[in-house]
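Trainee: Protein chains in written order, with this note's numbering: chain A, 1 to 654; chain B, 1 to 160; chain C, 1 to 101.
Wrong hints could be hidden among the right ones.
Heads up, simulated EDC-like pairs for lysine to aspartate or glutamate below, C-alpha to C-alpha not over 16 Å straight-line [said to hold, decoys possible]:
1. K85/B / D97/C
2. K30/A / D115/A
3. K173/A / D201/A
4. K626/A / D92/C
5. K86/C / D159/B
6. K85/B / D92/C
7. K173/A / E450/A
8. K173/A / D573/A
If you want the ones that stay clear, here's a sample from chain A, every Cβ over 12 Å from chain B, calculated [what the hints assert, rightly or not]:
9. I192
10. E278
11. S543
12. D602
13. T629
14. A650
To be clear, the hints were calculated from the coordinates, so they are not data collected in a lab. The structure displayed is predicted, hence computed values, not measured ones. By construction, the Cβ of each residue, glycine as well, lies at the ideal position given by its N, Cα and C atoms.
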Amino acid sequence: MTQTGLWLIMLLPLICGALIALGYAFFCRKPAISGYLGIAGVGGSFLISIWGLIGLLGKEGASYYAPGFSWFAVGNSIDISFNLSFDPLAAIMCFVILFVSLMVHIYSQGYMHGDKGYPRYYAFLSFFTASMLGLVLSDNLLFTFFFWELVGLASYLLIGFWFTRPAAANAAKKAFIVTRIGDVGFLAAIIILFANTGTLDIHSLNGMAEMGLIGAGVVTIAALGIFAGAVGKSAQFPLHVWLPDAMEGPTPVSALIHAATMVAAGVFLVARTYPIFESSATAMLWVSIIGAVTAIFAATMALVMNDMKRILAYSTVSQLGYMMLGLGTGGIAIGIFHLFNHAFFKSLLFLGSGSVNHATGTFDIREMGGLSKPMPVTSGTFLIASLSLAGIWPLSGFFSKDEILAGAMDGQSILFILALITVFLTAFYMFRLYFVAFGGTYRGKGNPHESPRVMSWPLLILVVPSVISGLLNAGGGFSSFLGEEVHTGFFEGLFGILLHPLALVSLAVAGGGIYLAFLMYKKKSLSPAIFTERFKGLYMVFSKKYWMDELYEGAIAKNILMKGVFAFMAFFDRKVVDGGINGFFIQKVLFSRLFSRFRTADERIVDGAVNGVASITLEGGKVGRKAQTGQLQSYGIYLAAGVVVLVMAALIIW
Amino acid sequence: MEIAFWIIAITCIVSALLVVGVKNIFHSSLWLILCFLSVAGVFLLLSADFLAAVQILIYIGAISVLIILAIMLTREVQRGNLTNKLKIPALFVVTALGGIMTYMLISSNWTSSDAPPPSTTTAGLADMLFGADGFGLGVLLTGVILLVAIIGAIVLVRDK
Amino acid sequence: MGLTHFLVLAVILFCIGLYGALVKKSAVVILMCIEIMLNAVTIAAVAFNRFASPELFTGQIFTLFIIAVAAAEATIGLAIIISIYKNRDTIDATKIDLMKW
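Chain A extracted, bound-state conformation (with noise of 0.2 Å):
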């Protein structure tokens, strides 16, 4: 791949989204062109990045690089300079994003029909993508959180898309002041990276790292700052209470940034960064800790929501949850692996919520029931997807999910229980989302009809990956592109794992989920009734979303910071320092009483001077003018006399 078409990767969807956004006026008028527009750059970048994958595969350590320009450079020491890099794990990325990026674009035609901001949805995209794929290709930190605050945007204009909606405006509000939060510790890094350092590129900075040449304490701080920024972005707990709320975008939106690429970027962050993690082990411990806590935490909350779309969101929290106890435990490959995996079914299932909420009008899953018949195609892709998510081999699912309880099993057996627990909590919550929405009668008052063929194609396209990705890896394949050390064979790793025994725990314990979901909601045996009244407690901490959103908003926001700080500052800067420029002022009205006898003179003085000089001209040509007088004869004198005075000169001289 040339360094042209590097460069092109990324601008291919940026020219678009800006041809877009240039010829809007246009584009409102043939709406349908702003999508053609829109896919034809992001396939455009697609076929690209596949050219560059296909030229990366089987060469041990090789990347591409194209050089682009220096930012920031002072003398010899500092340099600042975007380049980009494409590595194997920004080529995983690129094929990622851009993959279900394409197949969004292409289901966008069928969702976002006839909505008046079809173009502007598409500029936007466009403009999301390429931000995306500018933040994954970077070479240097610093264009990373360039594109990281990029992404944020984008993520911000596309979740407030209906703006008008009051609820959706602050969801937009909400995920960015909350990602930002995160961002100053990533912030935070950069700084003392550089400050410790010199330099921000980051194939220099893993190399320092490995070497061990960054003190240790600046290396944890590193770490952690860098961490945060992926806590705000990947909605780990804390700072996981945007992502339900970003719901409110449309839902190609919701399955393209919140499923499978941006909250992918703060595990891509970690990955991209690995040696510094690997040289702080406070690091790692904390972000597995995390990883761990927020996948079993964003688990219990999913098990009773009722809004299709917001059990989605909290199982994508979960899953990037065990991404980052991926990570923190086993190694670039493993969290990678599953962020892959996760990608393509979790997108899926988003498309096919809005599928069903074309159908149906509503995302209420007691609003809906008996949805496989009238819509086989939007619901056999679902059932796939949901098995993936659950991970029952031989589907891609299972593959991530067992190498992650298998490297949180050799390292910390605490975090691996949780990780257990939430694989049964999953596979219940999933399973029970797919019984009450497609199994049983219909219970709502729509339509039901199955989407129109340019929705339903993205959806069977996206089957195919959600199934056979796992195997990327049976054999070791994924994990060797990445660099990482593999000794199994492909047909070995594929049936070989079966005879694991955490394998066999694991699917146990996801098929005990499914057995249970199924004998509550399909067969109806076992009512949920009785368990909402047993575990009444626990209902209402779950489904009150551990009352951290009451937290956030209410006891922090309004009383602490509202009422406490900003009141106390404000009234500092109304006594204090208005009181002072007000008690200066006062004095120097007493100082001016004191000189106002001096200032009638100032004034005369000085307007007496400027007046004087406009009048001294003003007057000069009122008598000047009188020089003209039209008359011939006075001319005849003043030509005399000119000659008088001349030869008198010339005498006088001479």
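Following the hints, put chains B and C in place on chain A, whose structure we already have.
Mentor: Here is chains B and C on its own, set in the frame of chain A:
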């Protein structure tokens, strides 16, 4: 010779003064004719016989007639020969100019030659005007100027 | 008579003519005074010719041309005066002052 010079000089100056001074414009034009005549006399004193003839022919014969025609056409005679406000400054300037020029004239060394003037100037003048190495071009251009003047005068005063 | 006599005569005549040109109201009189000035110049030219180089007729040639041009100029001048008179019914030089302040 001297007396002739003084008489003619005095006539010249006096008549010029009277041109400027008399109230009646027609009279001042008549004094102008006398002035021209005395200038012709000066030419004779300077042995420029052809020039004296030309002076009388053209100045008195043509230009003065033209001036009298203009006076009659514009009925200036009724108004009179008035002066404007600039008498004093003009007097001042003119005396200054005259004084300076006289002073310069008197105090400079003129190169003079004692060669006698030719007795008849006509042949010499003709030779210089129309001969080879002469002012033939000037004569032609003068003719053009006169043509332009004629045409201009006609254009200016014709009725539309 | 010496050169200076004639030249002084020319100067006096010139000054009289200049005075008249600057002071008189009537345009025709101004024209007459201009003719006086021209005559003064011709006197000076011929005087120079007579006393400095009598065999060269330069001064006299000069005078001839002056006379010819003076004739042309008087023609045009008087034509203009008549034209102005027809337009404005006056040829008072003090009244023809459109280009004033």
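Trainee: Does K30/A pair with D115/A here, judged by a C-alpha cut-off of 16 Å?
Mentor: It holds: about 12 Å lies between the C-alpha atoms, which stays within 16 Å.
Trainee: Is the Cβ of A650/A more than 12 Å away from each Cβ in chain B?
Mentor: 10 Å, violated
Trainee: Could you let me know if the closest chain B CB is still more than 12 Å away from the CB of E278/A?
Mentor: 106 Å, holds
Trainee: Quick check for students: does the CB of D602/A sit more than 12 Å from each CB in chain B?
Mentor: Holds: least Cβ distance 46 Å, greater than 12 Å.
Trainee: Measure nothing beyond the straight line between the CA atoms of K173/A and E450/A; if it is 16 Å or shorter, mark the hint as holding.
Mentor: Given that 16 Å is the threshold and the Cα spacing comes to 34 Å, the pair is violated.
Trainee: Given the hint that K173/A pairs with D201/A, test it: the Cα-Cα distance must not exceed 16 Å.
Mentor: 32 Å, violated
Trainee: Given the hinted pair K626/A and D92/C, is their alpha-carbon gap at most 16 Å?
Mentor: This hinted pair is violated, its Cα atoms lying about 20 Å apart.
Trainee: For a C-alpha distance cap of 16 Å, please report whether K85/B and D97/C respect it.
Mentor: 14 Å, holds
Trainee: For S543/A, is the shortest CB-to-CB distance to chain B above 12 Å, so the non-interface label stands?
Mentor: It holds; S543/A is separated from chain B by about 107 Å at its closest Cβ, greater than 12 Å.
Trainee: Since I192/A was said not to touch the interface, does its Cβ keep a gap of more than 12 Å from each Cβ of chain B?
Mentor: Answer for I192/A: holds, closest chain B Cβ roughly 91 Å.
Trainee: For the pair supplied as a hint, K173/A and D573/A, is the alpha-carbon distance within the 16 Å limit?
Mentor: 28 Å, violated
Trainee: When you look at the beta carbon of T629/A, is every beta carbon of chain B farther off than 12 Å?
Mentor: The assertion about T629/A is violated, with a minimum of 10 Å to chain B.
Hint violations for this structure: numbers 3, 4, 7, 8, 13, 14, all remaining hints satisfied.
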